[in-house]
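Place chain W on chain Z using the hints.
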Amino acid sequence: MFFDSQKLKTDLMTVITKSVDGGLSIGADEVEVTVARDQGLEVSVRRGSVENLQLSNDISLSVTLLFGKRKGSVSSTNFDDRSIKTLLAKAKDLSLLLQEDPYYGLAPGELSPQKIIEMDLDHPWITEPGDAVEMALTIERAGLSLDDRLLKSDSAGVSTIKSLVGYGNSNGFSAVVPSSRHSISSVFVAEQTDGMQRDHWYSVARDPDELSEADEVGREAARRSLAKLNPQRPDSGVFPVLFAPNCASSLISHFVSAVSGSSQFKKASFLLNKIDQRIFPEWLTIMESPLEPRSLGGAFFDADGVQTRNNKFVIDGVLTSYVLSNYSAKRLGLATTGNGGGVRNLTLTGPSFSQKDLLRQIGRGVLVSSLMGQGVNIVNGDYSRGASGFWVENGEISHAIDNFTIAGNLSEMFLGIQAIGDDLDKRFNIRTPSILMGSMAVAS
Amino acid sequence: MDSLLNTVESELLTPNQMSLSLLESAIDLFGARTIDFGEVFVQSINYESLSLEDGRVKAGSFSQNSGFGVRAISGEKTGFSYCDGIDANSLINSAKTAASIARRGGGIKRENYSKTKFLPKYAPVDPLISMTDKQKANILLKIDQDARGADPRVEEVSASLTSSFEHMLVMSSDGVLAADIRPLVRLSVSVIAVEGNKRERGNAGGGGRYSLDRLLSSESPSRFAREAVRMAGVNLRAKPAPAGRMQVVLGPGWPGVLLHEAVGHGLEGDFNRKGSSTFSGRVGEKVASPLCTVVDDGTLFDCRGSLSIDDEGTPTQRNTLIENGVLKNYMQDKLNSGLMNVPKTGNGRRESYACLPMPRMTNTFLEAGKSDPSEILNSMDKGVYAVNFGGGSVDITSGSFVFSATEAYFVERGEIKYPIKGATLTGSGPEVMRNISMIGNDLQLDSGVGVCGKQGQSVPVGVGQPTLKIDEIVVGGTQTGS
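Residue numbers (my numbering), protein chains in the order written: chain Z, 1 to 444; chain W, 1001 to 1482.
Just so you know, these hints were derived from the structure itself, not from any lab.
Computed from a prediction, not measured in an experiment: that's the story for all the values here.
The beta-carbon is built from N, C-alpha and C at its ideal position, and this holds for glycine as well.
Among the clues, some could well be false.
PhoX-like mimics (lysine-lysine), calculated; alpha carbons at most 25 Å apart, straight line [as the list claims (entries may be wrong)]: (1) K267/Z - K1198/W; (2) K267/Z - K1109/W; (3) K1117/W - K1096/W.
To give an idea of the interface, some chain W residues facing chain Z are shown, with a C-beta separation under 7 Å as derived from the structure [stated by the list, open to error]: (4) N1046; (5) S1049; (6) S1063; (7) S1066; (8) K1077; (9) K1239; (10) A1243; (11) G1244; (12) F1301; (13) G1391; (14) T1480.
The shape of chain Z in the complex, shown without the other chains (with noise of 0.2 Å):
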């Protein structure tokens, strides 16, 4: 069912020959290619049969064209002769027309790769769309399992991507890289006489060794469900609040945004030219490490070509480094630090206690399981949004809370982590464990 990688591989790296060579010979300076190819099987059961069976077919070409230093960039979902030649008459077209930035410009070829590192990260999975059915009725049963008189199974699902993805540019950088995503998922809706609750858990992997069982899967997401039932309003004032990972890890790609080098040159951030001073905990270090194999956000070079490395971005609490690619570092006068298309595996760490300790820590307080709406501004810091969780009293998780709001000045409430957790959400590309929050305004 899938495509045969090492056949594509080459037919993409002929895509990406003939892009870079037919940019050049319209007369561009330079030219920057990314070609990508996908192919999925998704499955997704409720209540004990089939609701949806998909396969997905992806093709996509993007070419950057720099004339001197006027830029256009196109894309398409053909790589076809024909359709390559239009594009890059189109891009020819659009570069011409708008005006030059003196820092446009490829980077240099000796940050690129020497050579290609082995990122294992292409683990073949499931092919048939019946074994998916399957696993996707077990996570399905085994959530059922927990209270099927207050549960309702609203979806479980699972899904497999292969993806090739190639990069090439002129200055002679080029590369396709086969990488896998796998997943397993769970939605439940509890239902008691006062309301219904939802909540969701799932398991991500390149590789399928990696995942979570799929029942495990099943009950996270119905014990979840289950523990949202009869919430409750808490007492507004300023409590400490515990931000479990998945809420930790929103927090930390607030700092992300305001630290990478397009804020900083927009002076659109509230982490304004904070190098070298400090704005978190002393005990807190947040770093990256692209290299990881077989991780979801393992990848050897960034989207301008550029080599990545291990970055650190906060050592002891202190910013050491804002997150460039090529453009932005140009724009600062600094050197780009691999991060073109964002960080890779972030990790934030120090002591760490268990969530029996945090909780004690807070005494009375405010454990949230899940944010919503928009409310951060990343220019001043101000921080405004819903959330749901438990109320803490005594040390301990006393009941489930919703409809409330939490407030402060992200600048205030990253110096004031009083605590992290031991418990590192690897699903996401930010991975972060609980964190403790010191004082924020909670309303309801």
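Relative to chain Z, chain W alone:
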């Protein structure tokens, strides 16, 4: 209509050595299985974006995407296969794959195809070529000039102009053969103003389903520039927002995000068929204050959320969702209307050929009431007057929703005291809708910037409302106990 279909055929099928009869034969392949409904959807979208930064128009992108999706429905089961690119072999293979959802035998009941008749809700113009590239760039430069000229505190200006031009064709076993040509344009302006060590952003923008020259020949570009600068200026003066339950008055237009989140999503047919929405099984019940009549209307001419036909070929219509506080109707696509045995409502939408259609909103708004807007503001004891929002989201199962203000004021005894920092408002949909106590006579639709996300699919939508008062809702500021 005939000429529209012919144009779409010659854009999507002919250049790829395809024809309507080939689509028919793909659907006929479903005949070997027990399939209730089969469909082929073919689409191409050209998209262009120009953007300004540092006073220069120096970034631009163009994309050309095309492909098809084949869908087979058997009872509650859906088989779906899509491909980027349009070619006959892939189409036939995809049809076979989609059909594998159902067991062999049985056969499909196929109606004779007839071309769907409808009244177009926008002109089939290509916005990408409606003005020269030079003209487009000049508009962006003018915005930069206007914004910087409006207030010396403006430090950064960015603006972008995007246009897309879509051709779609759908053929299905229920006899539907329909095509549409859809333009969509949007202009966005964002500024950062600085005073001392305070930095604040202001945004504005708008657009719709028409050509760029219409958007740009009007006063709009300068108006958006001034509006963004004004908002940044207001936010430079903003004080911390209060926290807790209080009276809130929402301004007209874009604050209609309230309706989209508090009731809109919960009234989509898929959630209600599955019984997972807080509004499930409640048609005929009182779910909002009797002042409230909520409508979803895909037929408004040239609006961002409008469609002549939905992505299943059903002509869009005006659907009253809530009338005088009573729940009347859900929004439906073919799958869910069929399973719930209710009429289609023209709300079957998909982000592209690569996604399955779902019941989605078009332009969702609250009908005008009788109060004068100033009378509503005057009636406030103490609370928040919010006129601009960033966006919102909802948990349709519990009914909890949030939406975040980007421009709001603290009000005491009917008087605007000072601007406050962006605060998130939160509540349970049905509860907040019951707390609406006054509705203005100033219904407005938003300026045409909305994007709605559901299960990973984004579609353009419109929202709207008159000024309205909510007696009590949670305001998520930082000033507790004030």
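Check your understanding: Does K1239/W pass the interface check with chain Z, least Cβ-Cβ distance below 7 Å?
Key -> Violated. Min distance 12 Å.
Point to revise | Interface hint outcome for F1301/W [beta carbon to chain Z under 7 Å] | key: Violated, about 30 Å.
Check your understanding: How about G1244/W: closest beta carbon in chain Z under 7 Å, or not?
Key -> It holds, given that the least Cβ distance between G1244/W and chain Z is near 5 Å, below 7 Å.
Exercise for review: Tell me if T1480/W is really an interface residue toward chain Z, meaning its C-beta lies closer than 7 Å to one of theirs.
Suggested key: holds (5 Å)
Point to revise | Status of the hint placing S1066/W at chain Z (closest C-beta pair under 7 Å) | key: holds (6 Å)
Review point. Should the hint that G1391/W touches chain Z count as held when the rule is a Cβ pair under 7 Å?
Key: Holds. Min distance 5 Å.
**Study point:** Agreement of hint K1077/W with chain Z interface, Cβ distance less than 7 Å
**Key:** holds (5 Å)
Review point. Can the hint on S1063/W be confirmed by a CB-to-CB distance to chain Z that is less than 7 Å?
Key: Holds: closest Cβ of chain Z sits about 4 Å from S1063/W, inside 7 Å.
Review point. Under the criterion that the straight-line Cα-Cα distance not exceed 25 Å, is the pair K267/Z, K1198/W satisfied?
Key: With a Cα-Cα distance of about 12 Å, the restraint between K267/Z and K1198/W holds, given a limit of 25 Å.
Check your understanding: Is the hinted pair K1117/W and K1096/W satisfied, with a Cα-Cα distance of at most 25 Å?
Key -> violated (30 Å)
Exercise for review: May I ask you to test the interface hint for A1243/W with respect to chain Z, counting a Cβ-Cβ separation under 7 Å as satisfied?
Suggested key: holds (4 Å)
Point to revise | chain Z contact restraint on S1049/W - CB to CB distance below 7 Å | key: violated (9 Å)
Of the numbered hints given earlier, the model fails hints 2, 3, 4, 5, 9, 12; all others are met.
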